[in-house]
Amino acid sequence: MNPHLCAVRDFFVSLRLTIALLVFSFVLVFAATLDQVNLGIWAVQAKYFRSFVIYAGFGGLAVPVFPGGYTIGGLLLANLTAAFVFRFKFTWRRSGMALSHAGLIVLLFGELFTGLWQRDYRMRLDQGETRNYSESFRSYELAVTDITDPDFDDVVAVPASRLAGRREVQHQKLPFRIQTLAYYPNSLLQMRPAGAPPPTGPGPVANRDIGQHIVAAPQPLVASPDELDLPAAFVELAGPAGALGTWLVSPQLAAPQEFTAAGRTWRIALRPERLYQPFRLTLLQFSHDRYPGTQIPKNFSSRVRLRSDDGHEDREVLIAMNEPLRHGGLAFYQSGFENNDRTTILQVVRNPSWLFPYIASGLMTLGLTLQFGIHLVGFVGSRAARTAARPGPAAPGAPAAQTAATRPTVPTCA
Amino acid sequence: MKPLFPTLAAVAALLAVGYTLRPARDAGAFDLAGFGGTPALVNGRIKPLDTVARTALLTLQGRQRVQTLDGRALAPAEWLLDVMLRPALANSYRTFEIVNPDVLSLLSLAPADGDGGKRFSLAQLRPRLAEIDRQARLADDVESAVRTPFQKGIVQLRNAIALYQHLQLTLVANDPHEFLGQLGQLTGLLARPPGTATPAEQILIRELGTAFTTMDQFSSLHPVPPAKGGDPTAWASIGTAWTRALETRRPDPAAADFAALAQAWHAQDAPAFNRAVAAHRARLEADFPAVMTKARVETRFNSAEPFYTSAVLYVAAFLCAVVSWLRWPAALGPLAFRLILIAFALSTAGIVTRMWLESRPPVTNLYSSALFVGWGAVALCLALEAVYRNAIGSVTAGLTGFATLLIAHHLALGGDTLEMMRAVLDSNFWLATHVVTIAVGYSATFLAGFLGLVYVLRGLLTRSLDGATADAINRMMYGVICFATLFSFVGTVLGGIWADQSWGRFWGWDPKENGALLIVIWNAIILHARWAGLVRARGIAALAIFGNVVTAWSWFGVNMLGVGLHSYGFMDSAFWWLIGFAVSQVLVILAAAVPTESWRSFRGIAASGRSGGPGAPAPAS
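Chains as they are written, first to last, in our numbering: chain A, 1 to 414; chain B, 415 to 1035.
Treat the hints with care, as some may be off.
For lysine-lysine, the following BS3-like pairs were computed, each having C-alpha atoms within a straight-line distance of at most 27 Å [claimed, not checked]:
1. B:LYS532 to A:LYS298
2. B:LYS642 to B:LYS708
3. B:LYS642 to A:LYS298
4. B:LYS566 to B:LYS532
One-sided and incomplete, this derived list gives chain B residues near chain A with beta-carbon spacing under 10 Å [as the list claims (entries may be wrong)]:
5. ALA430
6. THR434
7. LEU471
8. THR473
9. PHE632
10. ALA641
11. ASP645
12. TRP649
13. ALA693
14. LEU832
15. MET835
16. THR899
17. VAL904
18. PRO925
19. VAL964
Rather than coming from a laboratory, the hints here were simulated on the basis of the structure.
Values in this document were obtained by computation on a predicted structure and should not be read as measured data.
Glycine included, each C-beta is placed from N, C-alpha and C at the ideal position.
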């Protein structure tokens, strides 16, 4: 074999690389746990686990200080795969090892897919209310709706990430272009006192609708998982005949703003990103059980009616703590409640790879149990044999006989 | 002669344990045991008043013992009766623990004024009650994690006083003499036909109506059972029972019995007190036999204090086992093993009793996790000792058993340890699988660490670690680490599956999840380092000792961060203990770095120069 290739193979197959990567992941997880106090759980995940390199700021300079979760996980995956291909011997004695490490590979892939594909939404239902969509927790969209026809709405939704890039948006259904003048990922809106002059700061100013009376100030992103970032944006709409005006949009504004353009009536709003689903949920009853004689919550549950658009399903479901509803690739969890127990909040998760961890755990648990069992049987057997033979005392700290026997053979380039 | 000694000593220990399990007897003429065994619904659980009294005492002053000013010791139930019915006397008992010097100086008190330098009576605090309340209100606005020691102390004191005052409102609304007299008048009034009350009596009814509402608002004790066949959880407070009596014009028999026993205790009339207690209990025995059985068992469990006895036995066994390495191994080794067996059986019985009382798997909160982690570690030690018979299992069992019970004792100061489960945790299946498996993982990781401590300290400081023993510890550590890896991993994964079922994600990088993951990774590091031949016995010992730090962090440290979905196990004290523990472990690890040639046990044997570097210190003495 080519000596360079061989060296590469030796690097990836080595047990020392495994140990180094385990130590790196240990440090990474520990640091990430501590940093949750400062950054909050979402920012920590992005910074430590869903990244290739972790940067630390030194006087405004971002210096790479540590490999991120993708790097360590990827190398671990390579290391494991190499071990499978070149090192593992598939004997009965080592079968548990092979199985548990195979499970680990599935687990790492599962985590990767979850990071790539999982989306979290929520659905807020008042008693008796019906909805056929969930709303994103943290992503927003600019919805421009043509409401001229009373029978149906025609919606064009622009993800907030495109607004943040401040690129001009054109769409065939819109008789105007959308130009973002400013996008604040988190913001504070305040009413401008009547009669006060419009602000003259560096930011843009809205000249249409409610935005004329409001001052929007950018805010730092929040760290706590209990708080939400509330964005705001200034968008300018321009038709072929020239600018239509500048609107301030934000989910903090209670209602969408209406205007007319090209002879049609429109609504514009920045709202949580919506996921429409082919079925409707109606909240029949939210229950909040307490332990007798106390205010300690015992259970939360929502009885909902599930109706599919194709009319083939119409049933009642109980969603409770630890008992989610899985339907149509989505899982609905009891998450919270509001409004004096008359409103339920369901967490809605779409994760096509949700089965991966289950498969991985099964493989790894089986493998580790098997390996431990084989060791235990071997240990009891050898001990019985030694008790019969009564050997003299071994040298202190001498490597046990089984260390050598179980040490994996690493291929060499000789 | 020799084999007789351990057996005799073990039998003596067994007899001593049996003595602690005897039923509680009343010292005086009052049926205090009967009163203490009377159940009431408190914080969602039906428990005997004895438990209520003990929990309150632990919360107020950190111990269950209480004595009068003239030095007479009181049973917890007796103290509770005095608090409720003889306030002047009870206010003189020194049951409020105050340690913060700033709080003391605010109250113009010196440690010398208190019992044991830190316990004070309500009478001593009374002149400054308004100031305590004002200071506590100021501190209330500060988030509990960032309060100063003074703020924590003053809030704690205010809460203790509130707890005490709420207990006082259980049976009477104000001065017991006056109130019980009015209650007697009311009973006579209700027996007469309606509409015959005089204007003065109507005023009395109105006043009592307000008093009953106040009692129901403030007392969390619900000792009046529901009607037979009704909702079995609908126990009522004394105030509610009398409010109902105003409507139905028929006093509730249980409330009437409590009024009678209150009157009797207030007048110190033992026969009348015992009659009232017996009447109330007889009705409960007839209507709720299962509740009474539980109350009886729990009262017995309280007075037996099985975990305290176990802790004493673990210490005794530990000392016997350590000495057995140096002297009289044939007598002390077996004795230590037997003492551990007795202590283990006793704590098993204690844990099983708690499970039965609560109808739950063994681990439901931090307190029970401490009990169970210790139990699991001792079980593993017994298995090791049964195989190796070299007293190492007994030493580690004594050490871990005692340490975990000590931790549990300090965790019990927060209140009733058989508390109700938060909604998200209300799942016996997951508590039985995920939580128990994780706890066994903690046990095993700790055990591996303690074996490492034995290896290092015994080898470094004594001459008793011979080759065979060193090899045995090495094998034990390896086996236990394998076991720990298996259980930590399976437990973590089960936790992931539970999280997927209840929160919608398998893994969320929550601090508690990360803590469990760190244990798994650390154990995996040890195993891979051993397989790669990077470490031998000494290295594994050092790595396993660091496993203690990792496990302690995962068990308690992450709760101190106060973030994440698992923060219901939050605890803000004990931080310095955790740091101290970590530092002590790191010191032993550094000691393990001393080349084996200098270890007292290996001097001369390991002269072949396996690991001594150029900078190795020369052997001293």
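If any of the earlier hints don't hold here, list their numbers in rising order. 1, 5, 6, 7, 8, 9, 10, 13 and 14
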